[in-house]
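Chains as they are written, first to last, in numbering that gives the first Met the number 0: chain A, 0 to 164; chain B, 0 to 326; chain C, 0 to 504.
Bear in mind the hints are in silico, worked out from the structure with no lab data behind them. Don't take every hint at face value.
Over the 10 Å line for every Cβ pair with chain B, so calculated as not near, a few chain C residues [stated by the list, open to error]:
#1 Ala287
#2 Gly325
#3 Arg349
#4 Leu379
#5 Val477
#6 Leu485
#7 Ala497
Quick list of simulated restraints, FRET-style, between CB atoms [said to hold, decoys possible]:
#8 Ser154(B) with Leu417(C): 44 to 54 Å
#9 Ser67(B) with Leu99(A): 23 to 33 Å
#10 Gly88(A) with Gly264(B): 46 to 56 Å
#11 Ser67(B) with Gly88(A): 38 to 48 Å
#12 Gly161(C) with Asp84(A): 18 to 28 Å
#13 Ile466(C) with Gly203(B): 17 to 27 Å
#14 Pro131(C) with Asp137(B): 19 to 29 Å
#15 Met194(C) with Glu85(B): 17 to 27 Å
#16 Gly3(C) with Lys321(B): 49 to 59 Å
#17 Gly3(C) with Glu85(B): 52 to 62 Å
#18 Leu99(A) with Ile466(C): 45 to 55 Å
Partner residues aside, some chain B positions facing chain A, computed with beta carbon under 7 Å [what the hints assert, rightly or not]:
#19 Tyr68
#20 Asn70
#21 Leu323
The beta carbon of each residue, even a glycine, is placed where N, CA and C say it ideally should be.
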Amino acid sequence: MALDRWIALIFVTFCCIYGYAAFFTMDQLLPPFMQRNPVWPSTFPKVLAVLGVIVGMIVLLGVEKAEDQDDAPSATEINYRRLGDYKIGQALMLLGLMVLYALMLRPAGFLISTTTFLVAGSAILGERKFHVMIPVAAVATGFVWYLVQEVLGIFLRPFPFFMGM
Amino acid sequence: MTHTMTRRVVMAAAAVTLAFANPVAADGHQVMDEINFLIPGGAGGGWDGTARGTGEALTGAGLVGTASYENMSGGGGGVAIAHLIENADSLQNTMMVNSTPIVIRSLTGVFPQSFRDLTLVAGTIGDYAAIVVNTDSDIQSMNDLLAAYRADGMSFAVGGGSVPGGLDHLVAASVMQAAGEDPTAFNYIPYDAGGAAMAGLLSGEIQALSTGFSEAVTLAQQGEVRILGVTSDARVPAFEDAPTMKEQGLDTTFVNWRGFFAAPGLSDDKLAMMQDAVAKMYDTPEWEEVRARNGWVNIYNNGDDFRSFLEEQEQVIGDLMKTLGFL
Amino acid sequence: MLEGIFIGLEAAFSVQNILMVVAGCLIGTFIGMLPGLGPMSIIAIMIPVAITLGDPAAALILLAGVYYGAIFGGSTSSILLNAPGVAGTVATSFDGYPMARKGQAGKALTIAAVASFAGGTIGAILLMIFAPALSSVALLFHSAEYFALMVVGLSAIAAFAGTGQVAKALMMTILGLILATVGEGALFNMPRFTMGMLDLQSGISFITLAMAMFALPEAMFLVLNPARGASGEGSGKITNLRFSREEGKAMIPVIGRQSVQGFFIGVLPGAGATIASFLGYAVERNIAKGEEQEEFGKGSVKGLAAPETANNAACTGSFVPLLTLGIPGSGTTAILLGALIALNVTPGPRLMIDTPEIFWAVIISMFIGNLVLLVLNLPLIPYIAKILSIPRNYLIPFILFFTLMGAYIGQNNATELLLLVGLGVMATIFRFADYPLAPLLIGFILGTMLEDNFARSMQLYRGLDFILERPMTLGLLVLAALLVLLPSYRARRARKRAEGVADGD
Chain A
0 MALDRWIALI FVTFCCIYGY AAFFTMDQLL PPFMQRNPVW PSTFPKVLAV
50 LGVIVGMIVL LGVEKAEDQD DAPSATEINY RRLGDYKIGQ ALMLLGLMVL
100 YALMLRPAGF LISTTTFLVA GSAILGERKF HVMIPVAAVA TGFVWYLVQE
150 VLGIFLRPFP FFMGM
Chain B
0 MTHTMTRRVV MAAAAVTLAF ANPVAADGHQ VMDEINFLIP GGAGGGWDGT
50 ARGTGEALTG AGLVGTASYE NMSGGGGGVA IAHLIENADS LQNTMMVNST
100 PIVIRSLTGV FPQSFRDLTL VAGTIGDYAA IVVNTDSDIQ SMNDLLAAYR
150 ADGMSFAVGG GSVPGGLDHL VAASVMQAAG EDPTAFNYIP YDAGGAAMAG
200 LLSGEIQALS TGFSEAVTLA QQGEVRILGV TSDARVPAFE DAPTMKEQGL
250 DTTFVNWRGF FAAPGLSDDK LAMMQDAVAK MYDTPEWEEV RARNGWVNIY
300 NNGDDFRSFL EEQEQVIGDL MKTLGFL
Chain C
0 MLEGIFIGLE AAFSVQNILM VVAGCLIGTF IGMLPGLGPM SIIAIMIPVA
50 ITLGDPAAAL ILLAGVYYGA IFGGSTSSIL LNAPGVAGTV ATSFDGYPMA
100 RKGQAGKALT IAAVASFAGG TIGAILLMIF APALSSVALL FHSAEYFALM
150 VVGLSAIAAF AGTGQVAKAL MMTILGLILA TVGEGALFNM PRFTMGMLDL
200 QSGISFITLA MAMFALPEAM FLVLNPARGA SGEGSGKITN LRFSREEGKA
250 MIPVIGRQSV QGFFIGVLPG AGATIASFLG YAVERNIAKG EEQEEFGKGS
300 VKGLAAPETA NNAACTGSFV PLLTLGIPGS GTTAILLGAL IALNVTPGPR
350 LMIDTPEIFW AVIISMFIGN LVLLVLNLPL IPYIAKILSI PRNYLIPFIL
400 FFTLMGAYIG QNNATELLLL VGLGVMATIF RFADYPLAPL LIGFILGTML
450 EDNFARSMQL YRGLDFILER PMTLGLLVLA ALLVLLPSYR ARRARKRAEG
500 VADGD
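In isolation and in its complexed conformation, chain A is listed as follows:
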């Protein structure tokens, strides 16, 4: 089964759960006077869940005749069948780095975590000229922080939490 059908299957499952929540868990929370309204908070979700299941099934079962897309895939287009040729390791590491960055931002402060993020990001991509990248990252981080915090006055915690501020 092709990837798009797997996604459709997951989508149909998701719609069933969503629909269950809409049909069976929402209405008892509704105060009696709102039950007189023609549209309830659960109405739209119910409709969407049903439509979602129908459309998802159409994709899943391949009812719609797909055009043959056998034009030779261009070198720059992306195709999951060529996943093996791609730098998937780099991509996964960058995703991991982004998660790490999100978790670090508050405890470690903006300046340290952003500089680290930028340097580590380029290192993952194969950059080895750290004597260039580290100053570039530090200056850029400082610039963004100065612009956001000092010029615009939008709070951005610069230093680790334990250093106050």
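Chains B and C: place on chain A using the hints.
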């Protein structure tokens, strides 16, 4: 919070404050070195404006050395409240801004905490609520409105810029209740912002609108809407033409306040300093400028007064929400 | 009117004011490029500065510069990085980004600048002539019509339903609509579908979803397949500003139609720039002829010019309810209303009578703002476009950083970033499986308004009667159906004919 941003200068209030102005010498009266404002919503919202305006006045008047602002959105304010409680020890100079929704949201259980879990600094500004109709409308008073509602029933639509169970709906429902009507029976049409609701009223889609008083004054002065009743105890000097609900026999008052909270377990010294700074702020020209620019109404409620005010509001809103079936 | 123009010119033209507008445009453009800081937050930030100027005309001119600058700056990140920072520029990225990928970033930015300028200027002319008469137009639409208008807006998804892809595009639209139901809505005071997560309470934020759906997958693709870099295909032309004479000719009718259409949609307080850009895109695509229609979504000049013109014209149009009724139609105009009031100017029906110079100063400031923006930015475009030729090892970490910053600045909520990465991974997988993501975002943006307006209409009319009782609602719904069905009917007939020919051979 959109409709709180469209607040209007309520000029007469300025005159009142100026009359009592007791010039505090700016220099040498510094009460605190620094204050960190914790804002439970994003930059540019109503809470953000309140905190920044207050900070501007406090530092400008020399009452506080430096002010900093930290936005922390999420969970309708719940994330910031939890943060203030968890890190209470390290947040000794922090004041969190909040407003009436903290009462409503803790009642409905959006977040588990309530104002009781925090140290109350002061309620600082506020706005009344009002019921308005289009100037073209035949309805001249609250009695006319009630008569029209009794005649038309469900086809008499009252709009508001909040969800059912939100501020504007609660005000309209309490007015109905005060008139001896069933507060759950009228047709309340929710809009997602005060501006959209006002457009709905002017376009004739709804017959009456429950909205913030200062917002209503702006349009009333332009001759677009008629204010039928305001939820204050006495007529508001800013717009004497607007009758109160009380004088029309509807015993209901309501203030949508904004104020400041501090971390739980704050030392009495610190709290006294914060309250002192806020109290002194009212007499400064710097505050007057900020207040006038934003169209805020001074409603000062210190410490214990603030607590009893909040408890009363919680009681009133809680009872109403039970009647409506939300709790 | 002439007299008014002179009053406005007198108020607007001084060395100080010209400096103001230049400063405003520059500040707006640069800050607007940062995703997450749209016109609304930039104006909110600039208001204290503007107010200290004291003079309402000078303050308005500064703010107008900032406003137009921020809109243009927002288009820049949509075009270069596929990172629409505000909802109004989502449609810009539909064709702007593919153009940039073809190595025509400079051209795309020029088209955006020219279209914005034209939309803003024509809008200002319409505002100048018709503003007082338009206050009634602004009140013409009830919730029922807004509902129908959202349905017309949804028909823009047809542009992404290629042959054999209709069900996929629909599936993505439904997913977008489903995501829009998460969190607090206008219908009920309890949030829906938050699964107990405090961070979903206020719903998924637009910027998080836009970055996750558009910017992050693109950045991931750049990582996965180094050959995809823009510099790889366009070999040095990316700083080229020119568009050809034919392209210019193709753009003129689009700009003409969309500045008028966009303006009128902007006049409606419940619609605004985002709806205008989607409708502009949908209408232009559907009236385009066969080949040109195929181009939409792949880097069409028309597809870029349409939303850019429409959203600028709509921004200008939104001043009609603001100035003539005192009603803010959008977050940005709500903030502007606050600024006007702080300057002791009360917008409303009496504005034109009591303080006509303010009205004219606003109009003149729009003309100046638009013009200065064009003059300032055209020379800057080559440098802005060069961003794409930064070596990959440096560029990609910065793109990722800006993608994340958009959701973080001003909110300081790190959980939002985790949500962004999660949704981004999902979006990347969708892209691998050929699911179009634009319908998801369109569904998400329109979903809330669709549901709210439908629910309101139902509650006002106690049923579906409003569709029949309000002719305009019915008309708009029919229009939506035509916009969706006509092109596919035409395409099918064309295909049938082509097949017939092939069979005959």
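Discussion item. So, against the hints stated earlier in the document, which numbers end up violated here?
Written reply: 2, 3
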